[in-house]
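One-letter residues, chain by chain:
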Amino acid sequence: MSKYELVVGLEVHAQLLTKSKMFCGCSADSWDAPPNSHTCPICLAMPGMLPVINREAVAQTIRAGLALNCTIAEEAVFARKNYMYPDLPKGYQISQYELPLCVNGWLDIDAGEGTKRIRITRAHLEEDTGKLVHAGDVSLVDLNRAGVPLLEIVSEPDLRSIEEVNEYLSRLRQILVYIGVNSGNLERGAMRMEANISLRPRRSAELGTKVEIKNLNSFRAVRNALEYEVARQTRILDSGGEVEQVTLGWLEHEGRTYVQRTKESAHDYRYFPEPDLPPLFIERAWVEELAAGLSELPLARRARFESEYGLSRADADVLVGARATADFYEAAVAATGDAMTPKQVANWMMGDLFRLVKESGKPLQEASITPAMFAELLTLVANKTINANTGSRVLKTMFQTGEGAATIVEREGLAQVSDADVLAQAIERVLAAHPDEVGRYRDGQTKLLGWFMGQVMRETRGKADPNLVRQMLMERLQR
Amino acid sequence: MSTLSADQVRYVAELVKLALTDEETELFAGQLSAVLDYASALEEVDTSRVAPTATVLPLRSVMREDKVEPGLSVDEALANAPEKQDGYFRVHAVLEGGQ
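If you read the protein sequences in the order shown, they are chains S and C. Terminal number for the first sequence in my numbering: 484, no gaps in between. Terminal number for the second sequence in my numbering: 120, no gaps in between.
The following block holds chain S by itself, in its conformation from the complex (with noise of 0.2 Å):
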């Protein structure tokens, strides 16, 4: 173990998932557009342009703060951060400072067998820049996602190891994807990450000197600029040094953190109100509102799949990773019944059927298959009218057909034999082809019944009833 702790507070920034920009019309979905087609006036920051709020960015921003547990302003105000930069042509970005929407929550996160509590200093709006393209001495400039909106989430450092930062990130992930306000796409800037980040001698009370790291796009790079870091500042601290003040970038592809501003050259961004927007009175009836329309939340599923349906902590985890998938799967067993146990519904799920979507590259809720399909499929397994290895066949034939299992199986003449005459005459046809390991099985080889398993299901073309057969093998055999 390291001599010194780790400390990490995460800036998490999350595009929101509305139609329109935070302050204007223009389309905020412009991944394949040319550049510069999504813009107007405002975005432009044409003289005498005037913002105005979307309503469902704020709506989004309020129920991504409740399912944070964050308390939720009675009034709000956007406020202007001033820079100058290409990407900004305002010379501001509109954002919120002394009263942002959302304070003081939290979010639990998977620590060893228990959960460790991550507070959540605030969320608030703000509007994203547009992007450069940096080619030689020039830099081309692209406004479409220039006034797109965006969720700034800010922890207290409470973080102690990069486990818990990534555990962090993915619970967040899954929360916001799940209440449906950030599309969870890392490979499309769905969410950009900045660290602070320092160390300390263990059992010290005092934090060490905080570095801020920006431009980590991936969770990968924060784990890899977290490692790089720890390393430098280790070495720094080890050889008597002290750790410099410093806002740092990450270069990916080269692997390292370079200085991007000293504590002197650090940004001055005299915020002050945004005075083209008047302030936000969230009433508690709109909050009360959204709040009711929040979906259960990915921890809370998985505790109640534990408990209701007996699954072990890992399989419910798997099961809730989707808000879709979990849909899938309670609609499944609400349709198999008493048919099946919740866990084996489960198993047949993260089985069979996932291994077939993944296979698809496409995500379950595009699948022809419904619960509904699936709980048919699985109930003509647990009443024996086919046998598991043909229900994994019939799986795959609706996976790629869309049609119902008991039309597969009809058609195809798959259901089981669990006829007694019919087996008994399969078994005495593969005894008779095979002496030599009827002999060897008898000499005490009774591992071999495995194999004797197998000839006869491929005598019947994989339907007999494998306990049965089972069954009257070894009946036969000892005789």
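For the record, the hints were derived by calculation from the structure and aren't laboratory data. Don't take each hint at face value.
Said to hold, decoys possible - Between beta-carbon pairs, the in silico distance windows are: (1) S:Ile167 x C:Lys38: 46 to 52 Å; (2) C:Ala100 x S:Ala297: 45 to 51 Å; (3) C:Glu65 x S:Glu301: 56 to 62 Å; (4) S:Ala297 x C:Asp28: 36 to 42 Å; (5) C:Lys88 x S:Pro368: 33 to 39 Å.
All C-beta atoms in this analysis are idealised placements derived from N, C-alpha and C, irrespective of residue type, glycine included.
Let chain S serve as the given structure and place chain C on it in line with the hints.
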């Protein structure tokens, strides 16, 4: 009577990326000081019984519905740009630190 120092003017100029000559610095120090003096008349008002506010207008909670409206074409957006390239605004590269 407030007087801005030349250093204060240079600092503010740096924040807004303006390059000022020494003569301009002196000139603006005087002019900006006069502006501040003018505005400082407000400090004479007794506000001890007035709650702080971010606005003097009676408007509150003005919001619009989340609806996409047509904007400008790329050509219109770039019409005033001194320099452009491939549908982008083109500016001198601005990099921070030892990148």
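Provide an ascending list of the numbers of those earlier hints which the structure does not satisfy. Violated hints: 1, 4, 5; rest satisfied.
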